[in-house]
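The lines below spell out each chain.
There are 4 protein chains.
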Amino acid sequence: MPAKIHVTIWNEFIHERQDEKVRAIYPHGIHQLIAGFLSKHQGIEARTATLDQPENGLTESVVNQTDVLIWWGHQAHDQVSDGVVRRVQNKVLEGMGLIVLHSAHHSKIFRALMGTNCSLRWREAGEKERLWNIEPGHPIAEGIGDYIELPHAEMYGERFDIPDPDKVIFISWFEGGEVFRSGCCWERGHGRIFYFRPGHETYPIYHHEQIQKVIINAVRWAKPRVMIADKCPMAEPLEKIPKYKPQNKNKSQ
Amino acid sequence: MPAKIHVTIWNEFIHERQDEKVRAIYPHGIHQLIAGFLSKHQGIEARTATLDQPENGLTESVVNQTDVLIWWGHQAHDQVSDGVVRRVQNKVLEGMGLIVLHSAHHSKIFRALMGTNCSLRWREAGEKERLWNIEPGHPIAEGIGDYIELPHAEMYGERFDIPDPDKVIFISWFEGGEVFRSGCCWERGHGRIFYFRPGHETYPIYHHEQIQKVIINAVRWAKPRVMIADKCPMAEPLEKIPKYKPQNKNKSQ
Amino acid sequence: MPAKIHVTIWNEFIHERQDEKVRAIYPHGIHQLIAGFLSKHQGIEARTATLDQPENGLTESVVNQTDVLIWWGHQAHDQVSDGVVRRVQNKVLEGMGLIVLHSAHHSKIFRALMGTNCSLRWREAGEKERLWNIEPGHPIAEGIGDYIELPHAEMYGERFDIPDPDKVIFISWFEGGEVFRSGCCWERGHGRIFYFRPGHETYPIYHHEQIQKVIINAVRWAKPRVMIADKCPMAEPLEKIPKYKPQNKNKSQ
Amino acid sequence: MPAKIHVTIWNEFIHERQDEKVRAIYPHGIHQLIAGFLSKHQGIEARTATLDQPENGLTESVVNQTDVLIWWGHQAHDQVSDGVVRRVQNKVLEGMGLIVLHSAHHSKIFRALMGTNCSLRWREAGEKERLWNIEPGHPIAEGIGDYIELPHAEMYGERFDIPDPDKVIFISWFEGGEVFRSGCCWERGHGRIFYFRPGHETYPIYHHEQIQKVIINAVRWAKPRVMIADKCPMAEPLEKIPKYKPQNKNKSQ
Chain A
79 MPAKIHVTIW NEFIHERQDE KVRAIYPHGI HQLIAGFLSK HQGIEARTAT LDQPENGLTE
139 SVVNQTDVLI WWGHQAHDQV SDGVVRRVQN KVLEGMGLIV LHSAHHSKIF RALMGTNCSL
199 RWREAGEKER LWNIEPGHPI AEGIGDYIEL PHAEMYGERF DIPDPDKVIF ISWFEGGEVF
259 RSGCCWERGH GRIFYFRPGH ETYPIYHHEQ IQKVIINAVR WAKPRVMIAD KCPMAEPLEK
319 IPKYKPQNKN KSQ
Chain B
79 MPAKIHVTIW NEFIHERQDE KVRAIYPHGI HQLIAGFLSK HQGIEARTAT LDQPENGLTE
139 SVVNQTDVLI WWGHQAHDQV SDGVVRRVQN KVLEGMGLIV LHSAHHSKIF RALMGTNCSL
199 RWREAGEKER LWNIEPGHPI AEGIGDYIEL PHAEMYGERF DIPDPDKVIF ISWFEGGEVF
259 RSGCCWERGH GRIFYFRPGH ETYPIYHHEQ IQKVIINAVR WAKPRVMIAD KCPMAEPLEK
319 IPKYKPQNKN KSQ
Chain C
79 MPAKIHVTIW NEFIHERQDE KVRAIYPHGI HQLIAGFLSK HQGIEARTAT LDQPENGLTE
139 SVVNQTDVLI WWGHQAHDQV SDGVVRRVQN KVLEGMGLIV LHSAHHSKIF RALMGTNCSL
199 RWREAGEKER LWNIEPGHPI AEGIGDYIEL PHAEMYGERF DIPDPDKVIF ISWFEGGEVF
259 RSGCCWERGH GRIFYFRPGH ETYPIYHHEQ IQKVIINAVR WAKPRVMIAD KCPMAEPLEK
319 IPKYKPQNKN KSQ
Chain D
79 MPAKIHVTIW NEFIHERQDE KVRAIYPHGI HQLIAGFLSK HQGIEARTAT LDQPENGLTE
139 SVVNQTDVLI WWGHQAHDQV SDGVVRRVQN KVLEGMGLIV LHSAHHSKIF RALMGTNCSL
199 RWREAGEKER LWNIEPGHPI AEGIGDYIEL PHAEMYGERF DIPDPDKVIF ISWFEGGEVF
259 RSGCCWERGH GRIFYFRPGH ETYPIYHHEQ IQKVIINAVR WAKPRVMIAD KCPMAEPLEK
319 IPKYKPQNKN KSQ
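Residue numbers (this note's numbering), protein chains in the order written: chain A, 79 to 331; chain B, 79 to 331; chain C, 79 to 331; chain D, 79 to 331.
Watch out, some of these pointers could steer you wrong.
If several chains are the same, the list does not tell them apart, and a pair holds so long as it fits within one copy or across any two.
Said to hold, decoys possible - Using 25 angstroms as the maximum straight-line C-alpha spacing, the simulated DMTMM-like pairs for lysine to aspartate or glutamate come out as follows:
(1) Lys99 to Asp160
(2) Lys318 to Glu227
(3) Lys245 to Glu220
(4) Lys309 to Glu172
(5) Lys321 to Asp97
(6) Lys323 to Glu287
(7) Lys82 to Glu220
(8) Lys245 to Asp145
(9) Lys245 to Asp130
(10) Lys245 to Glu172
(11) Lys321 to Glu98
(12) Lys206 to Glu287
(13) Lys82 to Glu138
(14) Lys245 to Glu287
(15) Lys291 to Asp224
(16) Lys99 to Glu314
(17) Lys206 to Glu220
(18) Lys321 to Glu227
(19) Lys321 to Asp242
(20) Lys82 to Glu265
(21) Lys323 to Glu202
(22) Lys82 to Glu287
No lab work stands behind these hints: they were computed from the structure.
The structure displayed is predicted, hence computed values, not measured ones.
My request is simple: use the sequences and hints to build the entire structure.
Pasting the structure below:
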């Protein structure tokens, strides 16, 4: 039996405490809902972490015990400490998986790993979204048909300021006229990263069965394949090298 | 007549002042030598900037007047201010070109744009390097034959911890038994980035005619195609959207 | 003054002779209309070739004098001779540019260069299409704003069975609910290939100013950077190799 | 228990019958040796096919029962029938895995899937090769350390005329001074393709434990994730489209 995948779901957990409409959809927070449906799957063990906990809930011990980290943030990106961001980034580069949801496109951790601003155009009008599955053979799209339809969603439109993904899994169509690369994969260091667009807090997106299926698939895809710490070693030669005698000064080779 | 390309060559400029052997090769600093051979080419206007200048020589005014920035650093990466790094990164994302030389693989600016540690294995033994040109059609390889041979070079070996390049132009063979992706291209935001491996301060690498040719080619390739400031705009719909009425609470879509 | 770019526009030229509605839009054929607007641009010299000519209009002499080939076909892909396809493919691999328009996604030459079936979903309902420009810095998108809008177009929808493009320039939104990667770049051998979706024969797509602008931009982008014939040479060693004495039989290394 | 992976090892099987030195290393043919070590692994079921069999051993029935096809050819690429090549290509595009070994870089099937000539430079001098593992997290490199060393190998050098791989796993260093992308991954259609350089018939390469390990890993990586037949369907609109009334003739949109 393969080892369990240890997933930590991180949430800034602010909307759900401040806004009754959000609380109506996610009474215990988005993180708890995600932990809930993940935990039903054997092979996955889910825990949560939130912004207001010591070290933003992501102590060295928590990060060390995490195989895949799921990140949801929206209005408090700046409140995450730089040290925590660097700790998480290092762990991803060593091999930990990272799943970045919706408005976390502007989180410090995603921007640090991408190297870009990760900006986009947006609109909140409760419009229809259809995510086309353009990689039916990819494990993240397993069991998803031709597309996922969301009756009401916030719109994110191109240009999405990201490095070219290794693989684009979903492209979204929006009722208002825009398109978006909504499911994108990258490898950085030894870790895998998946950005997944759906998820605004005022729509019950994470209650949607196919959206849950994609997140479960992504957890399995992103689990570590190796864990290798950063190093920059001096290396002895493998072949014989003639002894080097520097030439006279300032002479072109 | 096309506009001039304004190049700024940045150097931490420490080795050349501390070490007589380096000074013998680069009496006025690596930056001055590079500025010198670039300036001979019409269409290129070169200036220099160094670590010890105010704002590390990269004030807003300097950065705003730069089309392509060339970066050389080795032992003082940490002394570059974070504000300057962020300013340069933003400018690259807007469209400025960046050429990263040799030991600047570990510079703050390169790591910030790559999102990875950019580590590698290395050895200083004055061994032979041969850079194979695997993209003879690429403008950076224009005029370079099958390979460039350097009689004495520091060794950098794989694994080089970088995101998959958009294009690998050169792969190096080392006498001691290693290989390395020595010429790599990326696009980030609207800017172009080229990493070029050769260049240790104790070998006269930048006096080498073909190395100079690659740097000139890279300057031309990396020059801005657009300059677009970061934005994340709210967008009016382009198509008619039915008015959204939220459903009852906590109901799956 | 740079040399002229010699463009050949190939058209199967059947619809325009069989169907009055098509002839009404393209009285002299799609190829002549494209040649017409290209010829207005200094630096471009356009000629045409059609299926019914000897060797499908693409004799060795014609191909040898072509820098960029534009291909339009729809109902007669199979009538193009395999020898002509191989000749064109070889020339692209040597460095010639190729621009593949609309229904030529199923042409022999495009499929030969891609290695895939290049299938897609489609519908002819005269619906609205909006091509989002996701690479405003790319030369093919130069002068195009955020998007191109076509009031009436045939629909092509994902999944488009192509190898991952080196660069996706345009993603289309369709009124009927689909999306499509409508402007895609590849390099094969030393040549550049651009697939551009718009262009059904019953809509006046190639009369549209922005569509013409994209094609002109693509011609400039795709022009040869080198021309290198295929070879697979035996190579003398560059370093000294000890003389090889085969070991006893059937012995593992 | 997961289903078995059905592997077919194809060999032109000529060298081993004509050349005593080759027979000494591979008495029953390269295909039998590969089938032998694969069969020792539970979860893999191996069979073989050769050029001289009816339909080159790759009847529709054989291909339909194959999850991963391994291909070895050298001197008789042209004797493989075009119909068999097209059958195999179609199956790869539907989802079958393909592993292309050594001199099969010039096989019809590999060239058909790549769309390029797949040429390279080469030398047969029994020199040392070291394959550097640049993707230690990739399943194909699992259990391989920093590199694989082959005491005697044929040399293949860059430029290797292939489309940019999705992932380069190994880069080779050769004693005679060349480098080569020796382990390359692509996806085409729904299938996965791995090119693996080592394997000349006059060296006991496939007896080497780490080479066997890479091939076993590659079989597991390349096994089908889906099997989807080619289609190009007419699609009903998902959204309401206004009825299209064509405009007057020859009028720009």
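Status of each hint after checking the structure:
1. With identical chains, the CA atoms of Lys99 and Asp160 are never at most 25 angstroms apart, being 31 angstroms at best within one copy and 40 angstroms at best between copies.
2. In this homomeric assembly, Lys318 and Glu227 come within 25 angstroms of each other (Cα to Cα) only across copies, at 16 angstroms, whereas the closest approach inside a single copy is 63 angstroms.
3. Taking identical chains as interchangeable, the C-alpha atoms of Lys245 and Glu220 lie at most 25 angstroms apart whether they share a chain (15 angstroms) or sit on different chains (22 angstroms).
4. Only within a single protomer do Lys309 and Glu172 lie at most 25 angstroms apart by alpha-carbon distance; the minimum there is 10 angstroms, versus 32 angstroms between protomers.
5. Within a single copy, Lys321 and Asp97 get their C-alpha atoms only as close as 72 angstroms, which misses the 25 angstroms cut-off; across copies the closest is 22 angstroms, which meets it.
6. In this assembly of identical chains, Lys323 and Glu287 lie within 25 angstroms of each other by CA distance solely across copies; the values are 22 angstroms between and 69 angstroms within a copy.
7. For a Cα distance limit of 25 angstroms, the shortest separation of Lys82 from Glu220 qualifies both inside one copy, at 20 angstroms, and across copies, at 20 angstroms.
8. With identical chains, the CA atoms of Lys245 and Asp145 are at most 25 angstroms apart both within one copy (21 angstroms) and between copies (23 angstroms).
9. Taking the shortest alpha-carbon separations for Lys245 and Asp130, neither the intra-copy value of 34 angstroms nor the inter-copy value of 40 angstroms comes in at or below 25 angstroms.
10. Within a single copy, Lys245 and Glu172 get their C-alpha atoms as close as 21 angstroms, and across copies as close as 19 angstroms, so both meet the 25 angstroms cut-off.
11. Taking identical chains as interchangeable, the C-alpha atoms of Lys321 and Glu98 lie at most 25 angstroms apart only when they sit on different chains, with a minimum of 21 angstroms there against 74 angstroms within one chain.
12. In this assembly of identical chains, the alpha carbons of Lys206 and Glu287 lie at most 25 angstroms apart only when taken from the same copy (17 angstroms versus 31 angstroms across copies).
13. Only within a single protomer do Lys82 and Glu138 lie at most 25 angstroms apart by alpha-carbon distance; the minimum there is 20 angstroms, versus 41 angstroms between protomers.
14. With identical chains, the CA atoms of Lys245 and Glu287 are at most 25 angstroms apart within one copy only, with a shortest distance of 23 angstroms there and 33 angstroms across copies.
15. Proximity of Lys291 and Asp224 under a CA criterion of 25 angstroms is satisfied intra-copy only: 14 angstroms inside one chain copy versus 34 angstroms between copies.
16. With identical chains, the CA atoms of Lys99 and Glu314 are at most 25 angstroms apart between copies only, with a shortest distance of 24 angstroms across copies and 63 angstroms within one.
17. Only within a single protomer do Lys206 and Glu220 lie at most 25 angstroms apart by alpha-carbon distance; the minimum there is 23 angstroms, versus 31 angstroms between protomers.
18. Taking CA atoms no more than 25 angstroms apart as the test, Lys321 paired with Glu227 passes between copies only; the shortest distance there is 18 angstroms, against 67 angstroms inside one copy.
19. Taking identical chains as interchangeable, the C-alpha atoms of Lys321 and Asp242 are never at most 25 angstroms apart, the minima being 44 angstroms within one chain and 35 angstroms between chains.
20. With identical chains, the CA atoms of Lys82 and Glu265 are at most 25 angstroms apart within one copy only, with a shortest distance of 22 angstroms there and 29 angstroms across copies.
21. Within a single copy, Lys323 and Glu202 get their C-alpha atoms only as close as 68 angstroms, which misses the 25 angstroms cut-off; across copies the closest is 12 angstroms, which meets it.
22. When the C-alpha separation of Lys82 and Glu287 is checked against a cutoff of 25 angstroms, the pair qualifies only within one copy, where the shortest distance is 22 angstroms, while the shortest distance between copies is 31 angstroms.
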